[in-house]
Amino acid sequence: MSLVVRRHIPQLIVTVIIILTVAFYYLYINKGIAESFTTADKALSDWAVIITSFALIVGGIDILRFHLVRLRKEGLKQAPFSAVTIGLLVVMVFFALHGWFLSYADPKAGITITTQPQFRWLYLNVYAPADAAMYSILVFYIASASYRAFRVRNPMALLLLVTALIVIFGNTTIGGLIWPGFLPLRDWIMTVPNTAAFRPITIGAGLGTIILGLRLLTWREVSWLGRRE
Amino acid sequence: MSGLSSLEKVLGSKELLYTLLLLSVILPILHPLGIPVEISQRTRDVYGYIEKNLRSGCRVYIEVYYEVAARGELEPNLIALTKHLFDKGCKIVYGSLGAFGVVAFSLFKSMASDLFEGKEYGRDYVYLGYIAGGEAASASLAKSIKGTISVDNYGNRLEDLPLMREVDKATDFDLVIIVSSGTDVFSYYVRQWHTPYGVPLLFAALSVIAPSIEPFVGAKQAVGMLVGQRSAAEYEVLVGRLGLGIASMDAQSTSHMLIVAFIIIGNAIYWGKRVSSKKGGSK
Numbered sequence: 001m002s003l004v005v006r007r008h009i010p011q012l013i014v015t016v017i018i019i020l021t022v023a024f025y026y027l028y029i030n031k032g033i034a035e036s037f038t039t040a041d042k043a044l045s046d047w048a049v050i051i052t053s054f055a056l057i058v059g060g061i062d063i064l065r066f067h068l069v070r071l072r073k074e075g076l077k078q079a080p081f082s083a084v085t086i087g088l089l090v091v092m093v094f095f096a097l098h099g100w101f102l103s104y105a106d107p108k109a110g111i112t113i114t115t116q117p118q119f120r121w122l123y124l125n126v127y128a129p130a131d132a133a134m135y136s137i138l139v140f141y142i143a144s145a146s147y148r149a150f151r152v153r154n155p156m157a158l159l160l161l162v163t164a165l166i167v168i169f170g171n172t173t174i175g176g177l178i179w180p181g182f183l184p185l186r187d188w189i190m191t192v193p194n195t196a197a198f199r200p201i202t203i204g205a206g207l208g209t210i211i212l213g214l215r216l217l218t219w220r221e222v223s224w225l226g227r228r229e
Numbered sequence: 001m002s003g004l005s006s007l008e009k010v011l012g013s014k015e016l017l018y019t020l021l022l023l024s025v026i027l028p029i030l031h032p033l034g035i036p037v038e039i040s041q042r043t044r045d046v047y048g049y050i051e052k053n054l055r056s057g058c059r060v061y062i063e064v065y066y067e068v069a070a071r072g073e074l075e076p077n078l079i080a081l082t083k084h085l086f087d088k089g090c091k092i093v094y095g096s097l098g099a100f101g102v103v104a105f106s107l108f109k110s111m112a113s114d115l116f117e118g119k120e121y122g123r124d125y126v127y128l129g130y131i132a133g134g135e136a137a138s139a140s141l142a143k144s145i146k147g148t149i150s151v152d153n154y155g156n157r158l159e160d161l162p163l164m165r166e167v168d169k170a171t172d173f174d175l176v177i178i179v180s181s182g183t184d185v186f187s188y189y190v191r192q193w194h195t196p197y198g199v200p201l202l203f204a205a206l207s208v209i210a211p212s213i214e215p216f217v218g219a220k221q222a223v224g225m226l227v228g229q230r231s232a233a234e235y236e237v238l239v240g241r242l243g244l245g246i247a248s249m250d251a252q253s254t255s256h257m258l259i260v261a262f263i264i265i266g267n268a269i270y271w272g273k274r275v276s277s278k279k280g281g282s283k
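Protein chains in written order, with the numbering used here: chain W, 1 to 229; chain C, 1 to 283.
If you are wondering where the hints come from, they were derived from the structure by calculation, not from laboratory data. The reader is advised that the hints may include incorrect statements.
Unchecked claim - Calculated lysine to aspartate or glutamate pairs in the DMTMM-like style (CA-CA distance at most 25 Å, straight line): (1) K42(W) with E135(C); (2) K143(C) with E35(W); (3) K146(C) with E35(W); (4) K108(W) with D114(C); (5) K88(C) with E38(C); (6) K169(C) with D184(C); (7) K169(C) with D41(W); (8) K119(C) with D174(C); (9) K52(C) with D187(W); (10) K143(C) with D174(C); (11) K108(W) with E159(C); (12) K220(C) with E51(C); (13) K273(C) with E15(C); (14) K143(C) with D46(W); (15) K73(W) with D62(W); (16) K146(C) with E135(C); (17) K83(C) with E51(C); (18) K52(C) with E166(C); (19) K88(C) with E120(C); (20) K109(C) with D131(W); (21) K31(W) with D46(W); (22) K31(W) with D168(C); (23) K42(W) with E166(C); (24) K109(C) with D106(W); (25) K31(W) with D172(C); (26) K220(C) with D45(C); (27) K143(C) with E166(C); (28) K108(W) with D160(C); (29) K108(W) with D124(C); (30) K169(C) with E35(W); (31) K143(C) with D41(W); (32) K42(W) with E159(C); (33) K169(C) with D46(W); (34) K83(C) with D172(C).
So that you can see chain C by itself, here it is in the shape it has in the complex (with noise of 0.2 Å):
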């Protein structure tokens, strides 16, 4: 039993693990295996709900909260959303309620510049900067949108902005979608949004966060949700522009494969001593 001591101990060093994890990341981004992707029914409901519900003219707003370490996840959903609310027709207002997604905005808006070429500022979409006060502020905005702020993130005045002639609170939405990394501000849009005003929501969270926030999903607080990389890798297919979700799905693979192989190596070998040691061997 030795040999089961040692393999055990081989693959114990997190040294090996480690280094294989970043090899099986890296990797496949770099020499893709080009696995196709599989559509889920949640991804296919929550575009076949924007495809029959929302019109030409349309207006949706987005929360955009998360901060740079849920980038990977959560952009590439934001923009295969976006390009699916853009080619519908449809107008957007984004806001964030956390001073991060500032960035994230910036950040999202570069990688995905191709979106907004001929799109006007003020008049198809507009951002509203951060908006301090989180639920509370949440709250204020279902309510009244130039009530609680005069000027959107670049201090032009809402009242100038065509956009925002024609939209104020909640219930001026068609729906309202929440990217967010955090597990309190979907909270909030339920509790603010959805529940006094009957706002439709759809939400895109983290792979961590998301089975918390199901159960508003399951009672219809939510028409659906899109949930990290696998979600983001679906909706770029769906949507026919492929980003970085889908170029992050091999690597993804591969490295969820190297835990899964440890994991039924670690048992073999697990039980492997145990047997034996039942049978008289050495422990």
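The following block holds chain W by itself, in its conformation from the complex (with noise of 0.2 Å):
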């Protein structure tokens, strides 16, 4: 019973749906029908809406408790993190909550969840700038990885050097300067071989997720329901 409830009625509903949207998608009986499966499929898109918004709660919820256990078995080491995690989850959560509150309560207010003035100072005096911060830095990595990488040590290095220059300076005001070629090679770098590059990429991505939801019609497919083949 227990292999039934937790493996079985899953995949079935997932096959279900699989079937489902791909004859909503391609099957054209006749234009009434056309219509019907149309608001069938739009149906199964708001529950999608609907699960993914409950799967935002049961995030939040599922992330409090991680810590909460971490912060029960863990030592020290990791204990100020998790707290500092816990405390700002609740603080924020708590916020949120006034906002959504005040926003039925007081609706001329116009104040909602993201508009709560205390919801946003600190989305954006702790959380923004740290966020920024760490994009940031990425510029110094790459500065230091480009001036230890960029050696040319063979004709292919070479090349990747050559067309490397000509897209930066194709990205600078001072590329102009030096020589206009510099945009109009860029952009064709762009368009012609880096398409060409990554075409392929693309066509064997959504070959792979053909291959995904078939493997998921035939229950080959288990790794989403949390266990190994």
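Reconstruct the complex from the two isolated chains, following the hints.
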């Protein structure tokens, strides 16, 4: 019974959803059926939206549970990080709920979750600078890596370096002062050789998605159930 | 050859490179060099498409999907595009498939408050807020916005907003613009909006992800693409509203030139050492 509930029923639901989605998208019998298919397809999409919204709540609870366990089981080395995560999670949820409450209690004030003053302050003054700093630090690593990696050791490395220099000069205003041809040459590199390289990757990813769908349909893919094959 | 080795050691120190890089970014912002911005054909094509195909009263959907880390590159693009669309008399519906888009939109609106002066919320523009569900949400919105969500970001009922009485599904829009720091979102709109309904798409992407979505533009699944800071600066010049895009171009130029200088010197040292070692010099 446990195997049926935990494995076969979820797989059966996925199989039915895949068959229905493919049928709704590709099958055309007549106009009336097509319209009812469109309505049913919309209902499926709406279910996905609703399920995702609830999944966000589950995700939040799971993060809280994970860090509470870690706080209790692991030593002082990890505890401060978990404590900060839990503290900020609780504080942000509290202010978000306050904003949500105000949006209904006093709609004329125009306060919502994201415009709740304390929520907004924390987001803009704690999260935003930390997020921007993490991204900005990348430039230092990239600069250091470029200096070390771009060594012309063979003809292929020379080709890579020349291409990189053209794109760099094309992305700067100084490049245009040095030689006006950098900009159109950069555009050519992006639209012709780059596209030629990325198109097979895109097509490959599409084929991979189809294969994944077929594996789900035939119950060969079980990793989403939290199990290895 | 000890001279070359010493120079390599000095240049190889991260402290020197990081300090110079920091200065090359900060100094041009404090003292702009004013290097003229040449406008690329690709940016002209995007500008030309909007000029040629959109008329007063047209309806445009804009996906705002970037976190604050990507704000420096994408917000100037969004501001310049919004300015162009409002100048053309277009009405805009904004939406976000990412939760961070809500704050990004809020910051964008406060940075470009002049653009929204004289514009009435609900009639000239609407912000739907965050819509959970990723690609499924995108597919659902394409079929019916009002069938997917009933209120906007501020709790207003969509049925009460005049603009939302004019638009509901993908085919009601003359253009869809995706301003995104994530690669997947572009694919969502190609698969769920362009392929089934033929809605024209326009991309505004980060420089680092632009190469991976270039095939969509090449296959005419998007009418064009604005890439990073450079395109933002060019578009600001075209629409006549200079902002953060053009202000950052000098810093981008000097920092890139610094990296190029380091690469060239690094190679000169490498080849100097290699040639001398072949001649029997010290390694």
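Going down the list of hints, with the structure as the test:
1. K42(W) with E135(C): 13 Å, holds
2. K143(C) with E35(W): 12 Å, holds
3. K146(C) with E35(W): Distance of about 18 Å is within 25 Å: holds.
4. K108(W) with D114(C): With a Cα-Cα distance of about 24 Å, the restraint between K108(W) and D114(C) holds, given a limit of 25 Å.
5. K88(C) with E38(C): 24 Å, holds
6. K169(C) with D184(C): OK: K169(C) and D184(C) at ~21 Å, within 25 Å.
7. K169(C) with D41(W): The hint holds at about 14 Å.
8. K119(C) with D174(C): 20 Å, holds
9. K52(C) with D187(W): Holds - the C-alpha atoms of D187(W) and K52(C) are around 23 Å apart, at most 25 Å.
10. K143(C) with D174(C): 15 Å, holds
11. K108(W) with E159(C): With Cα atoms ~18 Å apart, K108(W) and E159(C) stay inside 25 Å; holds.
12. K220(C) with E51(C): Measuring from Cα to Cα gives roughly 18 Å; hence the hint holds.
13. K273(C) with E15(C): Roughly 24 Å between the alpha carbons, so the hint for K273(C) and E15(C) holds.
14. K143(C) with D46(W): 10 Å, holds
15. K73(W) with D62(W): 16 Å, holds
16. K146(C) with E135(C): 17 Å, holds
17. K83(C) with E51(C): The given pair, whose Cα atoms are some 12 Å apart, holds under the 25 Å limit.
18. K52(C) with E166(C): 22 Å, holds
19. K88(C) with E120(C): 16 Å, holds
20. K109(C) with D131(W): The hint holds at about 20 Å.
21. K31(W) with D46(W): 23 Å, holds
22. K31(W) with D168(C): Since the Cα atoms of K31(W) and D168(C) sit roughly 21 Å apart, the hinted pair holds (cutoff 25 Å).
23. K42(W) with E166(C): This hinted pair holds, its Cα atoms lying about 20 Å apart.
24. K109(C) with D106(W): 23 Å, holds
25. K31(W) with D172(C): Judged against 25 Å, a Cα distance of about 21 Å means the pair holds.
26. K220(C) with D45(C): The hint holds at about 13 Å.
27. K143(C) with E166(C): At roughly 15 Å apart (the allowed maximum being 25 Å), E166(C) and K143(C) satisfy the hint.
28. K108(W) with D160(C): 15 Å, holds
29. K108(W) with D124(C): With a Cα-Cα distance of about 20 Å, the restraint between K108(W) and D124(C) holds, given a limit of 25 Å.
30. K169(C) with E35(W): 15 Å, holds
31. K143(C) with D41(W): Status holds; Cα separation ~9 Å.
32. K42(W) with E159(C): With a Cα-Cα distance of about 19 Å, the restraint between K42(W) and E159(C) holds, given a limit of 25 Å.
33. K169(C) with D46(W): Holds - the C-alpha atoms of D46(W) and K169(C) are around 14 Å apart, at most 25 Å.
34. K83(C) with D172(C): 21 Å, holds
Hint check: no violations occur; every hint is consistent with the structure.
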